[in-house]
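There are 2 protein chains.
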Amino acid sequence: MAAFALVLVCVSLSAQNQQPAATPVAPAAPSHRPKSPEVHADRSVTLRFAAPNAKNVQLFFEGAKPAPMTKDDSGIWSITVAPLEPDYYSYSFIADGVFAVDPANHWLKPNLIATQSMLHVPGPSSLPWEINDVPHGDLHHHFYQAKVTNDFRDYYVYTPPGYDPRGNTNYPVLYLLHGFSDDAMAWPMVGKANIILDNLVYQGKARPMIVVMPLGYGNLEVVRRGFGAFDDTRLRDDNFSKFTEELLTEIIPQVETSYAVEKDQKSRAIAGLSMGGSETLLTGLNHLDKFAWIASFSAGGLPENYEQYFPGLSSPANNKLKLLWIACGTEDFLIGNNRKFRDWLKTKNVNHVDIETPGAHTWLVWRRNLATVAPLLFR
Amino acid sequence: MAAFALVLVCVSLSAQNQQPAATPVAPAAPSHRPKSPEVHADRSVTLRFAAPNAKNVQLFFEGAKPAPMTKDDSGIWSITVAPLEPDYYSYSFIADGVFAVDPANHWLKPNLIATQSMLHVPGPSSLPWEINDVPHGDLHHHFYQAKVTNDFRDYYVYTPPGYDPRGNTNYPVLYLLHGFSDDAMAWPMVGKANIILDNLVYQGKARPMIVVMPLGYGNLEVVRRGFGAFDDTRLRDDNFSKFTEELLTEIIPQVETSYAVEKDQKSRAIAGLSMGGSETLLTGLNHLDKFAWIASFSAGGLPENYEQYFPGLSSPANNKLKLLWIACGTEDFLIGNNRKFRDWLKTKNVNHVDIETPGAHTWLVWRRNLATVAPLLFR
Numbered sequence: 001m002a003a004f005a006l007v008l009v010c011v012s013l014s015a016q017n018q019q020p021a022a023t024p025v026a027p028a029a030p031s032h033r034p035k036s037p038e039v040h041a042d043r044s045v046t047l048r049f050a051a052p053n054a055k056n057v058q059l060f061f062e063g064a065k066p067a068p069m070t071k072d073d074s075g076i077w078s079i080t081v082a083p084l085e086p087d088y089y090s091y092s093f094i095a096d097g098v099f100a101v102d103p104a105n106h107w108l109k110p111n112l113i114a115t116q117s118m119l120h121v122p123g124p125s126s127l128p129w130e131i132n133d134v135p136h137g138d139l140h141h142h143f144y145q146a147k148v149t150n151d152f153r154d155y156y157v158y159t160p161p162g163y164d165p166r167g168n169t170n171y172p173v174l175y176l177l178h179g180f181s182d183d184a185m186a187w188p189m190v191g192k193a194n195i196i197l198d199n200l201v202y203q204g205k206a207r208p209m210i211v212v213m214p215l216g217y218g219n220l221e222v223v224r225r226g227f228g229a230f231d232d233t234r235l236r237d238d239n240f241s242k243f244t245e246e247l248l249t250e251i252i253p254q255v256e257t258s259y260a261v262e263k264d265q266k267s268r269a270i271a272g273l274s275m276g277g278s279e280t281l282l283t284g285l286n287h288l289d290k291f292a293w294i295a296s297f298s299a300g301g302l303p304e305n306y307e308q309y310f311p312g313l314s315s316p317a318n319n320k321l322k323l324l325w326i327a328c329g330t331e332d333f334l335i336g337n338n339r340k341f342r343d344w345l346k347t348k349n350v351n352h353v354d355i356e357t358p359g360a361h362t363w364l365v366w367r368r369n370l371a372t373v374a375p376l377l378f379r
Numbered sequence: 001m002a003a004f005a006l007v008l009v010c011v012s013l014s015a016q017n018q019q020p021a022a023t024p025v026a027p028a029a030p031s032h033r034p035k036s037p038e039v040h041a042d043r044s045v046t047l048r049f050a051a052p053n054a055k056n057v058q059l060f061f062e063g064a065k066p067a068p069m070t071k072d073d074s075g076i077w078s079i080t081v082a083p084l085e086p087d088y089y090s091y092s093f094i095a096d097g098v099f100a101v102d103p104a105n106h107w108l109k110p111n112l113i114a115t116q117s118m119l120h121v122p123g124p125s126s127l128p129w130e131i132n133d134v135p136h137g138d139l140h141h142h143f144y145q146a147k148v149t150n151d152f153r154d155y156y157v158y159t160p161p162g163y164d165p166r167g168n169t170n171y172p173v174l175y176l177l178h179g180f181s182d183d184a185m186a187w188p189m190v191g192k193a194n195i196i197l198d199n200l201v202y203q204g205k206a207r208p209m210i211v212v213m214p215l216g217y218g219n220l221e222v223v224r225r226g227f228g229a230f231d232d233t234r235l236r237d238d239n240f241s242k243f244t245e246e247l248l249t250e251i252i253p254q255v256e257t258s259y260a261v262e263k264d265q266k267s268r269a270i271a272g273l274s275m276g277g278s279e280t281l282l283t284g285l286n287h288l289d290k291f292a293w294i295a296s297f298s299a300g301g302l303p304e305n306y307e308q309y310f311p312g313l314s315s316p317a318n319n320k321l322k323l324l325w326i327a328c329g330t331e332d333f334l335i336g337n338n339r340k341f342r343d344w345l346k347t348k349n350v351n352h353v354d355i356e357t358p359g360a361h362t363w364l365v366w367r368r369n370l371a372t373v374a375p376l377l378f379r
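Each protein sequence line maps, in turn, to chains P and V. Position 311 (the first sequence) corresponds to 311 in the numbering used here; numbering is contiguous. Position 122 (the second sequence) corresponds to 122 in the numbering used here; numbering is contiguous.
FYI, nobody ran anything at the bench for these hints, they're computed from the structure. Values in this document were obtained by computation on a predicted structure and should not be read as measured data. Treat the hints with care, as some may be off.
Put simply, identical chains are the same to the list, so a pair is met inside one copy or across any two.
[What the hints assert, rightly or not] Each computed DSBU-like pair below joins lysine-lysine, with the alpha-carbon atoms no more than 35 Å apart:
id: 1; residue 1: Lys346; residue 2: Lys266
id: 2; residue 1: Lys71; residue 2: Lys205
id: 3; residue 1: Lys55; residue 2: Lys348
id: 4; residue 1: Lys35; residue 2: Lys65
Using the sequences and the hints given, assemble the complete structure.
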């Protein structure tokens with residue numbers, strides 16, 4: 001119906017009025033749509049979805065269980081979410097069982113399995129992910145044919161404000177990994193990594209650093225298979241080991257050739273969330289000659305036969321490690337796995353920092369993790 | 001329903017099996033979904049959409065009228081589109097009047113008014129938008145607080161393979177503008193500008209150049225208002241004039257400070273599609289001291305009182321213009337407007353190239369426009 005309306009609008013503009021019109025790419029003009037999301041002054045949020053014939057519409061909101069929406073006389077379903085902490089949130093609608101992003105909201109959270117819509121509950125400028133009028137770094141998107149994984153892939157590089165490729169300053173590098181089902185753009189687009197670093201650097205809280213955000217799959221078959229892929233231990237292990245190889249033998253050499261960076265172990269950090277947290281631990285702790293700073297956020301998918309996956313890891317590692325930081329939300333379904341791994345590290349006398357924060361397995365935790373750990377790096 | 005299923009999966013993984021699981025961000029695993037899109041060997045394409053309770057589902061496919069889909073016993077609606085020319089296509093579903101992207105397809109065409117899904121019908125590697133194993137340039141994403149428009153905005157810069165910020169080679173620059181309702185990422189993500197340039201440069205058909213893709217609104221109110229905004233001539237004119245000012249006084253100076261570029265008129269080109277085509281003509285033809293190469297694709301929204309908007313434009317312009325290239329598809333609803341403008345240029349004795357190609361107001365035309373015009377630039 002919406003699409004028909006647009007076609008008619010275009011015909012009308014061009015044939016009848018002889019008015020030049022703008023690009024008719026959109027099936028519905030905003031005037032035909034409910035306002036959604038609507039963020040209120042008290043930080044409550046109203047979401048609306050036009051679905052006159054639907055029998056049941058629910059809201060699937062980051063960190064919450066699906067909640068029923070109610071329909072008004074015009075066929076608009078709505079729900080108001082209680083006041084939220086300032087942050088970015090993802091959400092979707094479920095209309096008669098069909099998953100849908102919010103058609104009235106152009107801002108999306110990209111994901112290889114399920115895209116969702118995003119919204120921003122603004123907060124004070126002191127929050128690390130708020131866009132402030134401070135100098136902004138740049139994001140560089142690189143494309144290459146990878147030899148290890150034999151596919152065309154990409155990575156993003158954040159350079160801090162003042163970075164000058166022609167200058168004499170070399171920067172330390174944080175390799176920052178996304179989670180399962182996300183891709184290389186997740187940390188900049190959803191995690192706001194560049195904004196967080198802009199603010200921390202401006203405030204003098206973090207050292208200016210380069211942040212490299214690669215595609216986190218050693219074997220893309222894991223994401224094609226979906227959530228069950230990690231039950232296939234051979235596929236899981238191939239994904240982990242090829243990721244490490246891809247990072248060490250292709251991405252790091254490319255970065256260290258192209259950017260003005262320090263190239264010693266003390267100037268390399270690795271961090272990541274969920275699947276990327278496990279990749280951080282597996283890659284970092286097995287290559288302490290390469291990384292002195294290691295931080296996992298809500299690590300997921302880590303094999304629990306640790307002796308096999310971290311062979312020989314023991315107290316001499318403390319001489320190379322500047323930081324081993326292991327964080328997980330207390331409401332995260334992975335908190336037990338993370339505690340178990342930390343307990344094992346204790347038996348091995350490997351120094352580490354235990355971080356448990358409120359929160360579940362969501363970006364609300366991971367943005368805070370990045371904002372907390374970045375100031376600790378390269379000190 | 002899908003969301004509930006996922007929540008259950010997570011609980012089951014963590015509480016019962018004690019298996020570490022991957023990030024539970026997605027409301028539905030791929031196994032619960034139809035395969036969509038499915039591109040067949042004969043280049044026909046099947047689209048599928050799970051909507052068991054819907055009464056009417058249509059496909060809205062780039063370049064075509066909405067077409068009815070049919071439902072099978074399992075509640076999956078499907079349609080097979082007749083064999084297509086190799087290219088990228090956007091599409092959406094309309095389920096009981098509700099616009100929806102394809103939930104089984106993570107690849108989206110971002111847009112400020114209506115996001116759509118995308119698919120690729122592969123073709124021979126000779127097609128300019130096919131990803132080939134050739135050297136790839138980089139995309140740089142810049143953020144800044146704009147003074148002219150008083151907002152936080154961004155632009156993308158493509159640097160060709162071999163570009164070295166520390167080197168002695170300076171490159172010519174193409175400023176490439178998107179259309180109404182798109183944003184700065186449209187040309188790289190939908191138009192494949194970087195891939196097209198990679199291929200043309202590798203084949204020796206185009207000169208290595210830098211391509212700058214800014215946000216094309218001088219006043220974002222036009223996109224907030226939707227398609228009717230261009231009827232408000234004051235808003236339309238403010239959008240056009242502030243865009244020109246933003247480009248000339250902020251973006252170009254930033255680019256010419258940050259990149260190794262030639263800074264003379266003969267080394268600057270401007271091109272754009274639809275609204276961006278009009279911006280190309282208004283900015284370029286009124287600033288021939290800045291641009292020698294001007295190319296509009298399916299220009300839209302151009303005021304028709306040309307004498308007022310192009311004051312003094314006449315044959316002396318031919319001394320400064322290296323190329324004025326005005327293209328439009330013959331099925332485009334804007335073909336009449338474009339012919340009218342070219343007729344006026346003839347009365348002014350301003351040399352230009354008339355390009356009419358098959359096609360409507362779609363990216364299928366604009367990718368070909370870019371691939372055709374880029375080899376002509378900076379010769």
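Going down the list of hints, with the structure as the test:
Taking the shortest Cα distances, Lys346 and Lys266 sit within 35 Å of each other inside one copy (23 Å), while across copies they are farther apart (67 Å). Taking the shortest Cα distances, Lys71 and Lys205 never come within 35 Å of each other, neither inside one copy (48 Å) nor across copies (57 Å). Proximity of Lys55 to Lys348 under the C-alpha cut-off of 35 Å is found in neither arrangement, the shortest distances being 57 Å within a copy and 62 Å between copies. For a Cα distance limit of 35 Å, the shortest separation of Lys35 from Lys65 qualifies both inside one copy, at 23 Å, and across copies, at 27 Å.
The structure fails to meet hints 2, 3 from the earlier list, while all remaining hints are met.
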